[in-house]
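Chains as they are written, first to last, in my numbering: chain A, 204 to 452; chain B, 204 to 452.
Source of the hints: derived by calculation from the structure; they are not laboratory data. Fair warning: there could be bad hints in the mix.
[As the list claims (entries may be wrong)] Think about it this way: if two alpha-carbon atoms lie no more than 25 Å apart in a straight line, the pair counts; the simulated BS3-like pairs of lysine-lysine are:
no., chain 1, residue 1, chain 2, residue 2
1, A, LYS388, B, LYS271
2, A, LYS299, A, LYS215
3, B, LYS299, A, LYS388
4, B, LYS299, A, LYS215
5, A, LYS247, A, LYS299
6, A, LYS392, B, LYS215
7, B, LYS388, A, LYS392
8, B, LYS388, A, LYS299
9, B, LYS215, B, LYS299
10, A, LYS299, B, LYS271
[Said to hold, decoys possible] One side of the interface only, derived from the structure: several residues of chain B facing chain A at Cβ under 10 Å:
no., residue
11, ALA223
12, GLY225
13, ARG349
Heads up, the beta-carbon is just placed ideally off N, CA and C, and yes, glycines get one too.
2 protein chains.
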Amino acid sequence: MSPRELSEPAGKVRLFVEAALGDGARVVPDDAQAHYLLHVMRAKAGDRLSLFNGRDGEWLARIAEVSKRNCTLVCEKRTRAQDETPDVWLCFAPVKKAPTDYVVQKATELGVCALQPVFTRRTIVTRINEERMRANAIEAAEQSERLTVPEIREALTLDKLLRSWPRERSVLFCDEGGDAQPIAKAAAKIETNSIAILTGPEGGFDPAERDAIRSQDFAVPVTLGPRILRADTAALASLAIWQAIRGDG
Amino acid sequence: MSPRELSEPAGKVRLFVEAALGDGARVVPDDAQAHYLLHVMRAKAGDRLSLFNGRDGEWLARIAEVSKRNCTLVCEKRTRAQDETPDVWLCFAPVKKAPTDYVVQKATELGVCALQPVFTRRTIVTRINEERMRANAIEAAEQSERLTVPEIREALTLDKLLRSWPRERSVLFCDEGGDAQPIAKAAAKIETNSIAILTGPEGGFDPAERDAIRSQDFAVPVTLGPRILRADTAALASLAIWQAIRGDG
């Protein structure tokens, strides 16, 4: 729901809703969505928009029964069948508020399936606003024409993350260390399509953390080249590269 | 010169300078660099830092002759030989002020060799601050341990860009159109290592512009997958993918 949509016809509005979608299904948008539709976009009864809920594909819906505060949307026609998002998680050490917003937005556009904040020893951020992350993810999903919204996981310490890891899922560990292999090479070779990308905080993982990660057999240390990337750049570059080589890019 | 460096020892400071570097070469930093060194980092005579100029590799230098306002740096030892940055340009339609800063920073980290702003019919931005772009590029080069700073080109209209294009350089044209091939496939096939990535403004290229680009034999239309990416996401994803598959990633 960014300003750029202001110039778009109401027919191009896409909203994520929780309700079931189907022929003739009636959906009441939440307060923020109703405000956006009726007062920002100035939509009227009879205008059309798209709805998705992560399960039932994308539906063209008509605005019906407009009141001052809200309206009802009626599903008319399915315009896209539900698809599958590639099974890629992003496990990232949060750095600062603005970059986390940015990482969530970009990772959603790039088709991430779950976002997992991780606290490491050098992580300075102590609280994660999962609500805010989810709002950012929904907005990016609406704008990027995704049919799903990535799952926002509760933040975990690195230690807990490693102990509870589903061992059949490989982890592309973005590491500056010596023997890490180039990411494109690693991506081409990994056997499973269920992976996670793991990136550290701005100061990197500490040596004990690096050892702990590298000792896991699900961890695949990878390098992104000779330059030192910021944490958010590394996360997004890895995701883009995986999607291009193994995902739906 | 970001706040995160405040906690780093002065020995990790890296500065880009214009002056020639070599054994015993004396360099006077500019006013902003001197302020940063002496007042932000509180460096003293005898402290060491790294210098690079895009030509002579990286040098360890010692701070000598400190005055209130400035100091002299003396090159002591070459720590890295000059390397070559992959020959990738990014031609991008600027969108808003903050995103251009972001694109410059990220593209520099990802090893872009030249940044070319392009005005298209749907570009809303009318002025480009090349000085500011260059300052951002220098800062990102310092922090990412590059040995070069990307060239900042003067903004051109799309029309002029196409007319003056060096025809042996292929253009990965980020296109939402039907028959564009997946970028990883295109990257693997392109014969030349001299390429450019071309991305449009937030509303995309207009149909006449798309036709004009597609009619060029140096243009290779590529897609980044089923999602609609923001202009800056498309630019950075493309660059990361090219570097991983064909560059130095």
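Exercise. Identify every previously stated hint that the structure contradicts and give their numbers, smallest first.
Key: 1, 2, 3, 5, 6, 8, 9, 10, 11 and 12
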